[in-house]
Amino acid sequence: MGYTIAEKILLKHSGQKAIKPGEFIQARVDIALANDITAPLAIAEFKKSGFKQVFNKNKIVLVPDHFAPAKDLKSANQCKILADFAKEQGIKNYFEIGQMGIEHALLPEKGIVLPGDLVIGADSHTCTYGALGAYATGMGSTDLARAYIDGKCWLKVPATLKFVYQGKLNKWVGGKDLILFTIGQIGVDGALYKVMEFCGPVISKLGMDDRFSMCNMAIEAGARAGLIAPDAITKKFVAGFKRKPKFYQSDPDAVYEKTYAWDISKLEPLVACPHLPSNVKPVSSLKDIKVDQVVIGSCTNGRISDLRIAANLLKGKKAAGGVKLIIFPATQKIYLQAVKEGLAEIFVKAGGVFSTPTCGPCLGGHMGILTDGEVAIATTNRNFLGRMGSPKSFVYLSNPAVAAASAITGKITHPDKIK
Amino acid sequence: MIIKGKVHKFSDDINTDDIIAAKYLVSTDAQELGKHCMETINPNFSQAVSPGDIIVAGRNFGCGSSREHAPLAIKGCGVSAVIAKSFAAIFFRNAINIGLPFLESVDVDKINDGDFIEIDLTTGVIKNITQDQNYKTQAFPEFLQEIVQNGGLINWVKKRKQ
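Here the protein sequences come in this chain order: A and B. In terms of the numbering used here, the first sequence opens at residue 1 and continues consecutively. In terms of the numbering used here, the second sequence opens at residue 1001 and continues consecutively.
Bear in mind the hints are in silico, worked out from the structure with no lab data behind them. Everything numeric in this text was worked out from a predicted model, so none of it was measured. A few of these clues could be false.
[Unchecked claim] Cβ-Cβ distance ranges computed for the label pairs, FRET-style:
(1) A:G22 <-> B:G1052: 29 to 37 Å
(2) B:G1052 <-> A:E96: 38 to 46 Å
(3) B:K1004 <-> A:G98: 48 to 56 Å
For every residue, glycine included, the Cβ atom is placed at its ideal position computed from N, Cα and C.
Only chain A is shown next, with the shape it has when bound in the complex (with noise of 0.2 Å):
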């Protein structure tokens, strides 16, 4: 019987001869990263733990992204506690504010998260590398300790379910609106404990860029991982890394749990209504709601093509009045390219908030939280009751061309109707 992806790469940092969906392994872990909020509580117990010297100081990643730049007191404490440890134990990958970004964005465009690799993630959008053909899976602070100590996590294999997509994207149809189609169709857990494997003729033609934000939403499906197989974008994206990559496809006698195939030549923009990520209708269906807030930014649509995106239509146009339109790039090498690319001062032209790299409006962190009763549209993951700040709040999510769209007349558009 053969393998999928996702276990040809448990089988490998298993040190075993064969493995099977429903067992528990002790796998070895390339990369084990943590932020500002997670790494806190894993720093802590590894050293109630006894232990002195960590693993191995070159496989641990610490990004403080959450609440950095440090919003307050205790935020700065939290960072400070990363700042420390990195210098304490060796770590080189520790990123300090001006080098730091989005851990999901900045991870792959270091060449720190490559194809074939395990990567556990105290943050559960680590999910994203998927996207490069690599397992990595979200876990807690305590698995994190664990990982220090002697490099290695406990997991219980997942079955694969196939998503197979077939037919041509229509324009201003990306990534992002092929997982918020899936969610909308299985829902928040649909795809609970289990690994999805996105392919076909659509998936083959997406660029990295939608890629990594598809694979950072099979979480919102209750996933532990979602894995793009390696091809020749992939290839291209890790050429000139120092680290060896390593590819695998899954076998044609893999087994899946359940294969899901959908014809996507008719899917319009789409947009996942409050309080739930599978709550999700065609931007065209959704009339009247005004917008007070537009975020553009994140692990999830941060990147650069989603800023030329937005870009691109906000071009000689203003943010509508009484709109707050935030864009946070998702790393410095994103940011500095907006600016290159006049991509800067059509936001700042715009009347939109142009930001440093940061997780905090998406969490409801800083740089951007909602009062009571505002309604924002978000390129971002989550629009859970409260997720960016007031629980009386509504949160929308789209990609960056329906927020755009929407900056521009103040209420959800599609971005068809602007001229």
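Dock chain B against chain A, hints included.
What follows is chain B alone, placed relative to chain A:
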């Protein structure tokens, strides 16, 4: 081990932002986090909990973020166990790793808010004292029981390394 307490009932898809909002993640102290447990959906929750009380919820409990602060907040406000139809994967492992008792049960709909129940963690039997009913649950796989019996993941690893 026997756990006894009053039931606080919740719906499907209770997410980690519901359990503990991001604005409180500047602390790692369970007591402090506990004060704000479930605040978004029920502002009076932490005051309403008596030590030992039990959360009973529907499907996909703990979906969303990886924050271990969520099971910590539940423990910190005095809740002794969580019963749900199903748990989100990261919450599930976090609860195991930090030693928050929880059980998966298909009989959740039969349990009402305010019922007094008793859980035998060894046998997995839930006894509804108020309604005089018993519900059976699936026992944890052996490996997970091993972690729990060792008092959490870190102790398990320490023992393994010796």
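- Query: Which of the listed hints are not met by the structure?
  - Reply: none
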